[in-house]
Amino acid sequence: MVKYTIYVWGDNMILNVQMLIKRNVLYVRLDGELDQHTVEDLRIRVTELIDKYQIKHLVLNFYKLNFMDSSGVGFIIGRCNRLKREKGKVILCSLNENIKRLIHLSGLHKICMIGKNEEEVNEYLGVA
Amino acid sequence: MKNYMEMKFSAQLKNVIFARGAVSSFLLEQDLTLSLINEIKTIASEAVTNSIVHGYNHDPEKFVFLSMELDNNVLKLIIKDEGVGIEDIEQAKAPLFSTKVDEERAGLGFTIMDIFSDEMEITSKLLEGTTVICIKKL
Numbered sequence: 001m002v003k004y005t006i007y008v009w010g011d012n013m014i015l016n017v018q019m020l021i022k023r024n025v026l027y028v029r030l031d032g033e034l035d036q037h038t039v040e041d042l043r044i045r046v047t048e049l050i051d052k053y054q055i056k057h058l059v060l061n062f063y064k065l066n067f068m069d070s071s072g073v074g075f076i077i078g079r080c081n082r083l084k085r086e087k088g089k090v091i092l093c094s095l096n097e098n099i100k101r102l103i104h105l106s107g108l109h110k111i112c113m114i115g116k117n118e119e120e121v122n123e124y125l126g127v128a
Numbered sequence: 001m002k003n004y005m006e007m008k009f010s011a012q013l014k015n016v017i018f019a020r021g022a023v024s025s026f027l028l029e030q031d032l033t034l035s036l037i038n039e040i041k042t043i044a045s046e047a048v049t050n051s052i053v054h055g056y057n058h059d060p061e062k063f064v065f066l067s068m069e070l071d072n073n074v075l076k077l078i079i080k081d082e083g084v085g086i087e088d089i090e091q092a093k094a095p096l097f098s099t100k101v102d103e104e105r106a107g108l109g110f111t112i113m114d115i116f117s118d119e120m121e122i123t124s125k126l127l128e129g130t131t132v133i134c135i136k137k138l
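Residue numbers (our numbering), protein chains in the order written: chain A, 1 to 128; chain B, 1 to 138.
Same shape as in the complex, but just chain A:
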């Protein structure tokens, strides 16, 4: 199991990320704000884990994400393209109303699965 936190700069915690792996599923739980600045570290770490642990599905849990702009959309599209090679999926869950709206405006709901919360996603994936 891999679990860690990213501190973006100084003592300010802009985006707090918890990552864990169950079988071939990478869970990323986001707490804070996702923009062009904070997405860069996230992209590097998620990409590393996907390659290293032969990840097939990526679950992005937005439970505490209170801001996201098109940088986050770019990040999701990039991971969708990457996991397509593994015939896997990017699954989004626990979206607040603002993020849900952005996901729909950008058409991401057509290429990603959207779950209510992590439990529902686990049920779908058959991961305990």
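Simulated from the structure, these hints should not be mistaken for lab results. Keep in mind the model is a prediction, meaning the values are calculated, not measured. Just so you know, not all the hints are guaranteed correct.
Not close to chain B: a few residues of chain A, all C-beta gaps over 10 Å, as computed [said to hold, decoys possible]:
no.	residue
1	Asn16
2	Asn24
3	Ile50
4	Lys64
5	Met113
6	Glu119
Footprint (simulated), chain A over chain B, 3 or more residues, beta carbon under 8 Å [unchecked claim]:
no.	segment
7	37-44
8	108-116
Now the in silico label distances, taken between C-beta atoms and shown as ranges [claimed, not checked]:
no.	chain 1	residue 1	chain 2	residue 2	range
9	A	Gln54	B	Lys2	53 to 63 Å
10	A	Glu86	B	Met1	54 to 64 Å
11	B	Leu126	A	Lys64	36 to 46 Å
12	B	His58	A	Thr47	17 to 27 Å
13	B	Gln91	A	Asn81	16 to 26 Å
14	A	Arg45	B	Leu96	41 to 51 Å
15	B	Asp31	A	Lys100	20 to 30 Å
We treat Cβ as the ideally placed atom computed from N, Cα and C, and that holds for glycine.
Assemble the complex: chain A is given as a structure, and chain B must be docked to it using the hints.
Okay, now just chain B, sitting in the frame of chain A:
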């Protein structure tokens, strides 16, 4: 009620969150819905990111200018840079278009700003810079 603010800051991505914070603080007194505040913050975030990434190519010696003017429940948000400018504004506004494909930008910045604004105007001159004006009724 009238109110006005302006600020300038170094063209670094870590200042985008600062710009969003300033924008929402300015609006704090207006008693707006969270969804409306989020739209305005998103517009600012997209425009400021564009100025830093595209206008200035991350040159921290350069400045992004942001101002907000509030007049009778109409908000005018102006984001200005003195960067490289946009050659073809219509092309830049097209959904999914991005000059920096390798950086995984969605190319949706202008589209989202346009949807979230009541009116949006972009003026740009090559090598002189870009100004984005967004009007939002509160």
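Verification of the hints:
1. Asn16: holds, 14 Å
2. Asn24: holds, 23 Å
3. Ile50: Answer for A:Ile50: holds, closest chain B Cβ roughly 14 Å.
4. Lys64: holds, 15 Å
5. Met113: holds, 19 Å
6. Glu119: holds, 26 Å
7. 37-44: holds (count 3)
8. 108-116: Per the Cβ count (5), the hint holds.
9. A:Gln54 to B:Lys2: 53 to 63 Å: Since A:Gln54 and B:Lys2 have Cβ atoms about 60 Å apart, the given range 53 to 63 Å holds.
10. A:Glu86 to B:Met1: 54 to 64 Å: holds, 55 Å
11. B:Leu126 to A:Lys64: 36 to 46 Å: holds, 42 Å
12. B:His58 to A:Thr47: 17 to 27 Å: This hint holds: roughly 21 Å between Cβ atoms.
13. B:Gln91 to A:Asn81: 16 to 26 Å: holds, 23 Å
14. A:Arg45 to B:Leu96: 41 to 51 Å: violated, 26 Å
15. B:Asp31 to A:Lys100: 20 to 30 Å: holds, 24 Å
Hint check: a violation occurs at hint 14 only; the rest are consistent with the structure.
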